[in-house]
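Chain A is fixed; fit chain B with the ligands onto it per the hints.
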Amino acid sequence: MKREIVLKVNGESYQVYVSPEKMLLDVIREDLQLTGTKKGCEAGECGACTVLMDGRPVNSCMVLAFDAVGREIVTIEGVGGLEGLHPIQEALVEHGAVQCGYCTPGIVMTAKALLDSDPNPTEEEVRKALAGNLCRCTGYVKIVEAVMDVSKQISESPELREKLSQSQEFGAKTVGR
Amino acid sequence: MGYAVVGQRVPRVDAREKVSGRALFTGDMTLPHMLVGKVLRSPYAHAQIVRIDTTKARSLPGVKAVLTFEDVPKIPWNSAGFPPSPGAILMEDQYILTDKVRYVGDGLAAVAAVDEETANRALELIEVEYEVLPALMDMEAAMAEDAPLIHAAPQNVMAHMPIVIGDVDQGFADADIVFEDTYYVPKVYQVSMEPCGVAMAAPDMDGRVTIWTSTQMPHLVRGITAHALGLSTSQVRIIKPPVGGAFGSRLGVVNEPIAALLAIKAGKPVMLKYSREESFLATESRHPIKMILKTGIKKDGTFTARQMTAYIDGGAYATHTPSFAGPVAGWFLAMYKSPNIKVDNYSVYTNSTQCGAFRGYGNPQVVFAVESQVDDIAAALGLDPLEIRLKNHPCAGEVWMWSSWVIESCGLDEGIKRASEAIGWGEKRNKQERLEYAQGNGITADSTKKRGVGMAYMMHVSGARPMLHETSAAVVKINEDGKANLIYSNSDCGQGAGTALTQVAAEELGLNYEDVFITKTADTDVAGFDIGSHASRQAYSGGNAVKKAAAAAKEKLLAMASEILEVPAADLEVAEGMIRVRQEPEREISVAEVSHKAHFGSHGHQIIGAVSEEPPGNPPVYAAQFVEVEVDTETGVIEVLKVVAAHDVGTAINPAVVEGQIEGAIQQGIGYALTEEYRYHPGTGKPLNANFTDYKILTAVDMPEVETILVEASSESGPFGAKSVGESGLVATAAAIANAVYDAVGIRIKELPLTPEKVLAALEQKGN
Ligand code: FES
Ligand code: FES
Chain A
1 MKREIVLKVN GESYQVYVSP EKMLLDVIRE DLQLTGTKKG CEAGECGACT
51 VLMDGRPVNS CMVLAFDAVG REIVTIEGVG GLEGLHPIQE ALVEHGAVQC
101 GYCTPGIVMT AKALLDSDPN PTEEEVRKAL AGNLCRCTGY VKIVEAVMDV
151 SKQISESPEL REKLSQSQEF GAKTVGR
Chain B
1001 MGYAVVGQRV PRVDAREKVS GRALFTGDMT LPHMLVGKVL RSPYAHAQIV
1051 RIDTTKARSL PGVKAVLTFE DVPKIPWNSA GFPPSPGAIL MEDQYILTDK
1101 VRYVGDGLAA VAAVDEETAN RALELIEVEY EVLPALMDME AAMAEDAPLI
1151 HAAPQNVMAH MPIVIGDVDQ GFADADIVFE DTYYVPKVYQ VSMEPCGVAM
1201 AAPDMDGRVT IWTSTQMPHL VRGITAHALG LSTSQVRIIK PPVGGAFGSR
1251 LGVVNEPIAA LLAIKAGKPV MLKYSREESF LATESRHPIK MILKTGIKKD
1301 GTFTARQMTA YIDGGAYATH TPSFAGPVAG WFLAMYKSPN IKVDNYSVYT
1351 NSTQCGAFRG YGNPQVVFAV ESQVDDIAAA LGLDPLEIRL KNHPCAGEVW
1401 MWSSWVIESC GLDEGIKRAS EAIGWGEKRN KQERLEYAQG NGITADSTKK
1451 RGVGMAYMMH VSGARPMLHE TSAAVVKINE DGKANLIYSN SDCGQGAGTA
1501 LTQVAAEELG LNYEDVFITK TADTDVAGFD IGSHASRQAY SGGNAVKKAA
1551 AAAKEKLLAM ASEILEVPAA DLEVAEGMIR VRQEPEREIS VAEVSHKAHF
1601 GSHGHQIIGA VSEEPPGNPP VYAAQFVEVE VDTETGVIEV LKVVAAHDVG
1651 TAINPAVVEG QIEGAIQQGI GYALTEEYRY HPGTGKPLNA NFTDYKILTA
1701 VDMPEVETIL VEASSESGPF GAKSVGESGL VATAAAIANA VYDAVGIRIK
1751 ELPLTPEKVL AALEQKGN
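Going line by line, the protein sequences match chains A and B. According to my numbering, the first sequence holds residues 1 to 177 in order. According to my numbering, the second sequence holds residues 1001 to 1768 in order.
Just chain B, same shape as in the assembly:
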């Protein structure tokens, strides 16, 4: 390798402004005459609005705009941040405000007023009469024959996606054993620390509206917002300041259309900030899914048939769901090789808040089910859990069924080897050795605390090709002092993409990291079209465009240097801002001098490289995660003692950033496994835990030791061999914990989260 900037733990481009509190997030901004926006939300899970009277609210002094369904463009739209692509199934069933409420918290009116107090007062003055309908809080109720319809979809099924490869019936007939299990995973929230839903909109005199918003997808949000408002795309300008965490929650439109419409109607800037409660109530969560897995296998561990029937709870609006069913099928199909595979995915409407993206995009759900069952299969057949995975996972050179493309590189086997050693797999899985180990830790045979180790594996994407477009654009301009600007639609939400892309540009240009400046804020009026931050795509897809733009600038730079030094450009190299003749390094000229000559020499011009394109592929990444747990059989409490995460990310452009992604994702994965579940009252549909006291995410005290192992099986097509890392740390965590619990106490819980109540119930059942 031998890279100068790539592979270095350079400090992040935005660290100093953030650590000093100087970074201005959207919610920190103000504009002269700015109004405060507020949304009136439904107290009912399902109801028709029969009368709404805003007269009193409108006449309250200080109120500058009041909107209801009457005032919004009658243009149905879909909030999901998808580019029009073969894999995007976008059912348009939303309006900016609704006349029929479909979940507790659904927005039916909005106001803009001079201050928060007045805005809140105005909301209270809006009179609404509802005709309450039955709340359909789970998929069974929603799919019942006589269930009322949430939208027009018969039996509230918004989509059905069947996929058949080979002949599963034959495959099950060929199997030595067939396993059938049902798994359920609940609704969970991304809970970025900056509440989801903060936008500031300002109309201008040219019929355009500028929206500062905390988003993952500046360009796609521009298009969807414009569509919902009845404007053309270029009439909306999106500016994305620093974002306080996203994890999928801002993967599409959140509240930009409401903010913009308020601003347009009031003729003044409007700030619309959701509270923590509102960001639970009214923004997209991860999908709950019921998965029925049927797997046929030979005694030697060869799969003969794999089948999944999944019921995906999409909540009250379609948004991502019908498209999301595609990757859900893809994760399942692609995990293990089998000649016969069948998937049946049903996407269902319920009266819960609509679901969207959350780190992993269906993969954590599927991997929990598949890896739980594979562990049971290994135990039943007396196979080594590592062997069954090593034998059946798709590998480099084989076709990955998620994309139907050949896998470029695979570091899984090395990852499994190193991670299993790090956790002490051999000793701890061996019953006798484990007993001794336990005694060494003061745990006797009759202790109520039992330890176990478990593992799970996963594969994930580097973008969403060929299902979705993955366009990125970059412009690199070399200034007269030899330093460079990288103009990019920087949709970094904290993951460090802006830093990694700066490193890619610096490496390719031969400049020092400190001498390349990326646009920290994305601005759709400035940067070229970019899909945004989804599908762990920034390093790979964004990196591809940035590297090529830098290469284009470098080519021009070297062409000019070749004239000055009178040697062919092919004989030149550039490093640390100096251009040298490769064979005679003492013949050199600085990038600054060449660039200065370009600007102010005989043909004044700036050296600029520009690229807009899609990346060549979508190399999958692999991870093997191992955990050790301690289960208290008296209280049912599971404590995670250690997580070892071996990730094949391709080349790690910045190892500290990569580790940070894995460590943070593991915190979310442990929460998914043990504590996180967003709950509704089954009768009324009222949320029960829309706050941090009742929706528990892990604190610094709760986090176990985390050891990350980076396996760098570089890709052929990625920038300097990079693949991805953004989502993968979360994906296999819950499954690995469930498998460790099984190892510790022999109980198999097929429903997340693994609460003490479920543990105790399972222990009791096992005892009987």
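So here's chain A without its partners, still in its complex pose:
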């Protein structure tokens, strides 16, 4: 039986009618039409569907939409848009770390969660954090370089640190729709 729930996504509240079996990923893509979050396996194995739930990265294909009620959800559309890209996104562009781009939204979300919680990770920690985000194009080389570069920028720039420490607002201000 479909039921009405309210989901808070990118700082906005959405009322949706969904069945209890429906996964958060499908609600995000189909009901909210936020198609930046990708589907690569529907089995929690690839990370293409990564979104933030209360600041932590989750595979949205493994989360029931009903279980996301009351949580703060951020998708790729909430991280940067026409108003400007997030420094992680800028770095991925600059380093040539985007190829087909299908894994990229998930990578951005995981990297954001990592740098939000630890702005100065080691390369090994970056790789560990990204281990659930499969990429078949890049060999991860330039992705890891880009994330390490942002971390360096953060440590060198107090303003950037300040801006990113309010990352929730950064998300809320740049809602996709």
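Hints were generated in silico from the structure; no laboratory data involved. Be aware that a few hints might be false.
[Unchecked claim] Covered by chain A, according to a simulated footprint, are these stretches of chain B (three or more residues, beta-carbon under 8 Å):
#: 1; segment: 1234–1244
#: 2; segment: 1493–1502
#: 3; segment: 1664–1674
#: 4; segment: 1701–1715
Note that the structure is predicted; figures quoted are calculated from it, not measured. The beta-carbon is built from N, C-alpha and C at its ideal position, and this holds for glycine as well.
Below, chain B with the ligands without anything else, positioned relative to chain A:
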């Protein structure tokens, strides 16, 4: 050189839309009243369908179309994306849906319904009765005298390709030593992160059908789809949005005909998206091949005879396979010079999913065998592994036997030199120095972990000429603001071709990179005929057409500027959007002003350059890949510590894009070497690992350090000297790892992947 845009690490044309999640892939799209398509797949590897009843499915509310073999045009076709060419052997043994299933997952019915749930329910309501036949899961079983036939081919051999150069018997007689070894490489999948098989089709009121599809080959897929549907080519329009990785998996038709037929029958748009499991089950993989190599050689390292007998497992349908046997022979023939060479290639049907293209197109398979054996030969003869390769590889000025054309440029020797230095080859191959090095890393003589270094080399193509046509078309139009559109059938699947071609156009026009806009989406109703993304051809073949179209536009631009400035056009040059008199740079006029005058002056016209042609050649690229591994002799686990990849790509149009191609290909190559193998139950033919938990690709944690070295031995015929890079990073990786394992622990494993079980078994055998 001194180029302004070529050679620069400019950001990709599509990076910002992708990094922000704004890029719309095919699977992100919807149309009003769009239906969901689903395919009913066979649970058996080999069976005749004796009865199929769709009555219940058809009467389910919300079901708008149900198709079986009965409903598909009785036109046999072949899914491989080949242009009709001398080298294309296209056996037509497929229908849109089948009445005899030939692998687990073969499509026998399809439905379109208002939503996914209804479509799935409809599939369950289709009743099928099968007469099950024996599953022929390997080539031996398929080629047995009494084996049932998968198609009509006797003993299930779809083709035999013999090639003889010189006299190998004489060559073996002339040899000091003859080596004979058998190698086997398994079935592996491209696994692009966007599952393979996503198409949205919409019929229109004019008898045409538009298909948005994640493809590498918009124009060829248009032709094949039209043929399968019984339409003429122009009745199908293919639109290719961003593609989530391809690597060969989308090199031809995937599921476009099913989507289109559902849409036509339902009279509504249909989205047909394969799940991850379906993209394993029902789309083309790399070919498993058994290769028997026989090589005769003199003590000084001169080859007297080289011979390969290859059994190519094509799976359940011919698709690429009989043609694919050609390049397989070509890779082998062309690697090392020898007066006597013989190849015998057998292409075989089995009850596994049909095989097609995967980055390298037969080259990773052949190079694994050849480079493993050459390493053994060097060791047996006491020759330096680098020397034997330097001595015998074909070089610039010599004929490359793959194409029978003269090699334009060769950067291999420099690549081998630089890469060997970067990996520390000298020290690490020297036993004494290596011991000290190992001790420096905390590894003692009795440590269970052993390190070794190995290398392998490869050559690859820049297109498929003269075997296949390599047509590309480009239109460059200069707008009234002096910026330009590049209209091109942009089949970029993430590799960066669209970016590189934009750079070529900007360089030739003398415009800034930011002022040239390529059509990011390919549309067969808009762009001229293009072969698509295969054979690492886009930079070279596409680049050739783009450069010429830009040159044609530039010629008209300068002719007009010459009238305005009253100097001969030959005295003008254009850079960064400004046209200047070469000797008097202060006399200048902007491209914008000239173009504005063209549009709105006395003879209104737009400056346009258009070209459609094939490129002049097919310059081979070279790579030398060196790896260091650590083998745990207790667990059998191989860890790759570092890969150094030296690639002669010709001019690197965008070094960041080039590096990205090599780095990504190495991830796939290490997977091929160590972890990737798609497996079936030998009795039932059911796939055992159609998911990411059991089919293991490398994660960020698994990837070693990668160092790329670009050797830019520019070609004469390529755009600004470019050759290619798309596939080559994968090709030599597995062989280099196998050779490093041999260096570390002295075992030679002739079957990929190099699993811990195989390592332990080989170590035990060596110990005894
Ligand atoms: S789609 Fe969710 S992890 Fe793959
Ligand atoms: S860029 Fe293609 S999967 Fe990561």
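Consistency of the hints with the structure:
no., hint, verdict
1, 1234–1244, "holds (count 3)"
2, 1493–1502, "holds (count 4)"
3, 1664–1674, "holds (count 5)"
4, 1701–1715, "holds (count 3)"
Of the numbered hints stated above, none is contradicted by the structure.
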